[in-house]
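Asker: Here are the chains, one letter per residue:
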Amino acid sequence: MKSFKGRVIAGGNFKGEAVVSRQGLNTLATFQKSALTRSKEVIGSDQNNPDVFGKKLTGKVLCLPQTIGSTTGGLVIQTVCSLKANPAAFLFSEHIDSLAASGIVLAKVWENSDVIAIDLLGQEFLDTVKTGDTVEIKEDGTVTIL
Amino acid sequence: MSTVETRAGEYKMELTQEQLDILEGKKGETMAKVIKTVVMFGEIFGAKRLVPITHNSGHLVTSFGIGILAPLYRTMDELINAGIKVKGDFTVDPRPLDYKNVKCTMLEKLLFNKILYSKQEQYESQLKKVGLKDEDGFTCTCYLPEVGNTPKEGDILAWAESSAVVYANSVLGARCNRNSGMLDLFSSIVGYVPEFGLLTDEGRKASWKVYVNTTKKPEAQVLGSAIGMKVMEDVPYVYGLDKFLGTELNDENKSYLKDFGAATASNGAVGLYHIDNLTPEAKRCGEELIKPDAKEYIIDDAELERIKNSYPIMWKDPNKKADKCFIGCPHLTLQQLKDWTDKIEKGLKETGRKKVALTTVFTAAPGVVKEFQKSEHYPRLMAAGAKLSSICPLMYTNNPLTKKYNIATNSNKLRTYSAARFYEDDEMLAIIVGKEGH
Numbered sequence: 009m010k011s012f013k014g015r016v017i018a019g020g021n022f023k024g025e026a027v028v029s030r031q032g033l034n035t036l037a038t039f040q041k042s043a044l045t046r047s048k049e050v051i052g053s054d055q056n057n058p059d060v061f062g063k064k065l066t067g068k069v070l071c072l073p074q075t076i077g078s079t080t081g082g083l084v085i086q087t088v089c090s091l092k093a094n095p096a097a098f099l100f101s102e103h104i105d106s107l108a109a110s111g112i113v114l115a116k117v118w119e120n121s122d123v124i125a126i127d128l129l130g131q132e133f134l135d136t137v138k139t140g141d142t143v144e145i146k147e148d149g150t151v152t153i154l
Numbered sequence: 007m008s009t010v011e012t013r014a015g016e017y018k019m020e021l022t023q024e025q026l027d028i029l030e031g032k033k034g035e036t037m038a039k040v041i042k043t044v045v046m047f048g049e050i051f052g053a054k055r056l057v058p059i060t061h062n063s064g065h066l067v068t069s070f071g072i073g074i075l076a077p078l079y080r081t082m083d084e085l086i087n088a089g090i091k092v093k094g095d096f097t098v099d100p101r102p103l104d105y106k107n108v109k110c111t112m113l114e115k116l117l118f119n120k121i122l123y124s125k126q127e128q129y130e131s132q133l134k135k136v137g138l139k140d141e142d143g144f145t146c147t148c149y150l151p152e153v154g155n156t157p158k159e160g161d162i163l164a165w166a167e168s169s170a171v172v173y174a175n176s177v178l179g180a181r182c183n184r185n186s187g188m189l190d191l192f193s194s195i196v197g198y199v200p201e202f203g204l205l206t207d208e209g210r211k212a213s214w215k216v217y218v219n220t221t222k223k224p225e226a227q228v229l230g231s232a233i234g235m236k237v238m239e240d241v242p243y244v245y246g247l248d249k250f251l252g253t254e255l256n257d258e259n260k261s262y263l264k265d266f267g268a269a270t271a272s273n274g275a276v277g278l279y280h281i282d283n284l285t286p287e288a289k290r291c292g293e294e295l296i297k298p299d300a301k302e303y304i305i306d307d308a309e310l311e312r313i314k315n316s317y318p319i320m321w322k323d324p325n326k327k328a329d330k331c332f333i334g335c336p337h338l339t340l341q342q343l344k345d346w347t348d349k350i351e352k353g354l355k356e357t358g359r360k361k362v363a364l365t366t367v368f369t370a371a372p373g374v375v376k377e378f379q380k381s382e383h384y385p386r387l388m389a390a391g392a393k394l395s396s397i398c399p400l401m402y403t404n405n406p407l408t409k410k411y412n413i414a415t416n417s418n419k420l421r422t423y424s425a426a427r428f429y430e431d432d433e434m435l436a437i438i439v440g441k442e443g444h
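Residue numbers (my numbering), protein chains in the order written: chain A, 9 to 154; chain B, 7 to 444.
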């Protein structure tokens, strides 16, 4: 059991299963296919990211360094949140990037989403957490890998 | 000045009374949500205040009515119903479709119209209602003189199109962060943008010194790619390029910097670069722009070759020849269109062909296309069998059915976001004019 403390972007308490992207997560490429079919569950569809490709992301704890790719990324996060098909939490090891930050803010303000986002968890967090781990998130930004 | 924190305990940012009033709903619930989004976004990046946008025209990145983005259309309707428009006007990225100049099969049209871009008409109607400049406002190169959305040095912007942001910051000396879609619109509505990052003097300092030691003028798209991949979101200060580009900005080197910048922004996440002795801030401030602990990156011929060879070939059948090619991502300048016309005409004479060897689409802003159509080059390009469009090649290739085509391009941005294969300009020309072995 190991705990990390990050900065709360959008707070909440949650316990769930981690899906880990070791590389920058391309938001559009990852979410596009499921969103296109209006699927209730997002399956990662970025073939260039084997860490999340083919994995269910809806309701999971998505652990990543930052997001990358098209500047539509914010809108894509807002869209999956509006469909309630989003990961329950985004845990960033680095400072949240501007595209993901936009998406989280858009989801909170315009969709009343309960999505959780915590950043600045550090490289050690990303080195430690593995896909399939159970992760507990507290309102104050504490993340514990159980 | 007072702070929201003292009044509401919710925000740390210093806000004016007018901004506070909007936040508290005095201009309606929707306006309150718009400014709340901008303030919350700024706070994540430690912005201490909102600063006024000083250029009258915005530019939006979201130009496509892609069916899945339901919240976009709902939000636009909410803005329209509340009578909200941007301050000034805006241009927007290129349209995804142009059936007249970029032919599609019935199946492709069905996919585009009914599934992929099923909301295009509705979205364009919404854009007009919130402040779209005009019908010709669809381009990623809004800053070109033929389009007229050209900020001046020092202007504060809230654009999101990555190639336009890096051009405005670097070549024009304006100040703009790499924003996301929607934040570009919301900031243009409130007329303010959070002050952080590339809007500040400190944020514009370079943390990389890049030395270009090549034996000839490097291909803009490959040099930009190399630098983008190395520095990612950092600011590079580039030495040695003035040897090839000169020390005064002109149409030719501005076209070069447009393509170079788009590659730095798409192959990395560069929002600003400085070219020693050439770009405005580098000319004015020189090495004062470089942070003391800046890292170094040396680029020679071998490094560019290594970068080019690292691009994966995504064609379904790499052994087959190209079926189509797109030139103009970002959209071409008037001079680039004229140069390509001259080169193709000369190349066709050499190969003894009358027409281009494959479907060849040149893309440029509607305003640039109109100017080009007045020139003596236009009938010559058409006679060579090329197509001219203002489509977004990226949006066209964002279609699973195009995967059956071998699409070639000289754009590193298009290569990055699609299955198109990258060729340098000379190789691309050889393919277009049907030179043997290509």
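The reader is advised that the hints may include incorrect statements.
Below, computed lysine-lysine pairings styled on DSSO-like, alpha-carbon distance capped at 30 angstroms [claimed, not checked]:
1) B:409 - A:116
2) B:236 - A:138
3) B:409 - A:64
4) B:326 - B:393
5) B:361 - B:349
These are calculated hints, taken from the structure and not from any lab test.
Asker: Hints first: check each against the structure and report whether it holds.
Answerer: Right, here's what the structure says about each hint:
About 36 angstroms separates the Cα atoms of residue 409 of chain B and residue 116 of chain A, which puts this hinted pair outside 30 angstroms; it is violated. The suggested pairing of residue 236 of chain B with residue 138 of chain A holds, with an alpha-carbon distance near 28 angstroms, which does not exceed 30 angstroms. Pair hint residue 409 of chain B plus residue 64 of chain A holds up; C-alpha atoms about 25 angstroms apart against a cutoff of 30 angstroms. Between residue 326 of chain B and residue 393 of chain B, the direct Cα distance comes to roughly 22 angstroms. Compliance with the 30 angstroms bound is thereby established for this hinted pair.
Of the supplied pair hints, the one linking residue 361 of chain B and residue 349 of chain B holds, its CA atoms being roughly 13 angstroms apart against a limit of 30 angstroms.
Hint check: a violation occurs at hint 1 only; the rest are consistent with the structure.
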